[in-house]
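Trainee: Start from the sequences and build out the full structure, keeping to the hints where you can.
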Amino acid sequence: MIFSYTLVSIIDIRSFTKPGNKSPLVLYIILMVISCAIGIANGYIEDMPSPAIPIKAIVEAIKGN
Amino acid sequence: MKKETISDIQGISLLILFIYGSTLVMGTGGNAKNDIWIAIMLAIAVSIPTVLMYARILGRYPGKDLYDILCEVFGNYAGKLFILFFIWFSFHLGALVLRNFGEFLVTVGLPETPKIVPIIIFALVCVIGVKCGIETLARCSTFFVLFVFFLLIMLSSFAIPIMKPENLLPILKNGLTPVWQGAFAAFTFPFGETVVFLMVFDSLSSSKTIHRVYLKALIISGMFIAFVSARNIMILGSETAGAVYFPSYSVISRVNIGNFLQRLEISVTIVFIIAGFIKICICLLAASKGVTKLFGFKDYRYFVTPVALLMVNLSYLLYDSIMEMFEWAEEIYPYYALPFQVILPLIILIAIEIKSRLQKKEVKTEDKAQV
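Taken in order, these protein sequences are the chains called F and X. Heads up: the first sequence begins at 1 in this note's numbering, then just goes up one per residue. Heads up: the second sequence begins at 1 in this note's numbering, then just goes up one per residue.
Errors might be hidden in some of the hints.
Each computed DSS-like pair below joins lysine-lysine, with the alpha-carbon atoms no more than 25 Å apart [what the hints assert, rightly or not]: (1) X:K33 - F:K63; (2) X:K355 - X:K368; (3) F:K56 - X:K115; (4) X:K33 - X:K164; (5) X:K3 - X:K64; (6) X:K80 - X:K3.
Quick look at which bits of chain F chain X covers, simulated, 3 or more residues with Cβ under 8 Å [said to hold, decoys possible]: (7) 6 to 16; (8) 26 to 35; (9) 38 to 45; (10) 50 to 61.
Label pairs and their in silico Cβ distance ranges [to be verified]: (11) X:G258 - F:E46: 48 to 56 Å; (12) X:E327 - F:A41: 23 to 31 Å; (13) F:S4 - X:I257: 45 to 53 Å; (14) X:F85 - F:A41: 19 to 27 Å; (15) F:A41 - X:K355: 40 to 48 Å; (16) F:I62 - X:T107: 30 to 38 Å; (17) F:A61 - X:A369: 51 to 59 Å; (18) X:P111 - F:I53: 20 to 28 Å.
Simulated from the structure, these hints should not be mistaken for lab results. From the three backbone atoms N, C-alpha and C, an ideal C-beta is built for every residue, glycine too.
Mentor: See the structure below:
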């Protein structure tokens with residue numbers, strides 16, 4: 001997973017980042033690390049909590065179920 | 001960076017394909033059963049003032065997208081809070097469509113393949129599409145939309161021999177309540193989802209024709225969706241259409257003309273791939289633009305890949321099964337989406353109007369003071 005994320009990042013950065021423009025790289029790397037971490041966690045943790053659950057709970061509370 | 005522009009026709013094509021998205025395959029307004037076409041007509045009628053509201057918001061600030069407008073109207077902090085809401089909505093919507101696509105492919109064609117495989121491949125294609133820019137997507141969509149219309153008309157005419165119009169009768173058998181419920185569902189999915197275009201339509205060449213673009217696309221796509229839904233009910237009957245996951249796919253798989261023209265259901269998959277591609281691209285574009293604006297960068301292209309990969313993760317995490325996905329789409333989604341589609345834009349429009357009136361008053365008082 002880490003290898004494929006690194007590979008995608010390198011290809012992506014090389015093809016789309018101009019030499020003088022390095023400022024978005026920090027945010028880019030942070031987002032990639034978060035994404036990779038979620039992917040790895042998903043492989044290790046069974047029944048990862050879905051973000052749909054709290055939304056569902058709120059909507060059902062509003063509907064009165 | 002050169003600003004990208006798209007013509008009205010390209011805007012209409014993009015909107016039509018966005019509205020088709022997953023709707024033609026998954027169906028909408030199922031609560032109305034055999035009155036589904038009435039429910040969709042009602043949803044179109046309710047959507048007209050909503051899209052006019054969207055057009056008004058964009059028309060007030062020509063050449064600016066919703067994110068710029070929010071920062072200008074609400075200031076930096078409150079504006080960024082609103083931006084977060086809209087980033088979440090477009091991001092989540094993209095993930096939902098990706099998941100629909102994954103579930104559809106795995107259910108109808110690739111039962112042994114892990115869901116994540118088609119999702120990742122499709123997301124990467126969308127990344128390339130978004131990086132090419134809105135102009136390229138819009139040019140593609142003018143071609144795609146003709147192809148989709150051709151397929152829809154051709155497939156529906158092939159299905160005429162197996163249509164049973166009596167399946168649409170009796171009209172309003174269960175009263176108006178299910179029709180209103182169906183209309184509400186059809187309004188939020190797919191017509192209200194066009195709120196995402198508030199983040200994209202700054203590229204339209206003329207800001208004066210935004211309302212025409214919205215209305216034409218809404219009416220054309222709405223009529224087609226109503227027709228396709230009525231066709232599905234006529235062929236499957238309301239009970240079967242409500243029981244199958246992908247009614248259009250089931251309908252087209254029944255087409256058999258002279259034992260020669262059959263197994264045409266692949267064309268439904270093609271329609272879903274084309275329309276789903278445009279829908280995911282627009283959601284991805286809106287979310288990437290939002291991230292760019294939120295952190296004060298200029299080019300959204302840097303963040304397309306990380307946002308798309310996060311979208312893939314979210315789409316995989318969202319549901320445990322296809323049953324859960326449909327339960328969410330029918331029971332939760334309309335209530336969840338309504339604030340993003342109506343309440344927040346309404347608040348924004350009211351704030352814009354108040355601000356412009358206050359500015360006019362200030363100008364008048366300054367003029368008087370100078371005189």
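Trainee: Please go over all the hints and tell whether each is borne out by the structure.
Mentor: Do the hints match the structure? See the list:
no. : hint                       : verdict
1   : X:K33 - F:K63              : 22 Å, holds
2   : X:K355 - X:K368            : 20 Å, holds
3   : F:K56 - X:K115             : 23 Å, holds
4   : X:K33 - X:K164             : 15 Å, holds
5   : X:K3 - X:K64               : 11 Å, holds
6   : X:K80 - X:K3               : 23 Å, holds
7   : 6 to 16                    : holds (count 4)
8   : 26 to 35                   : holds (count 6)
9   : 38 to 45                   : holds (count 3)
10  : 50 to 61                   : holds (count 7)
11  : X:G258 - F:E46: 48 to 56 Å : 52 Å, holds
12  : X:E327 - F:A41: 23 to 31 Å : 25 Å, holds
13  : F:S4 - X:I257: 45 to 53 Å  : 46 Å, holds
14  : X:F85 - F:A41: 19 to 27 Å  : 26 Å, holds
15  : F:A41 - X:K355: 40 to 48 Å : 44 Å, holds
16  : F:I62 - X:T107: 30 to 38 Å : 31 Å, holds
17  : F:A61 - X:A369: 51 to 59 Å : 54 Å, holds
18  : X:P111 - F:I53: 20 to 28 Å : 27 Å, holds
In this structure, none of the earlier numbered hints is contradicted; all agree with it.
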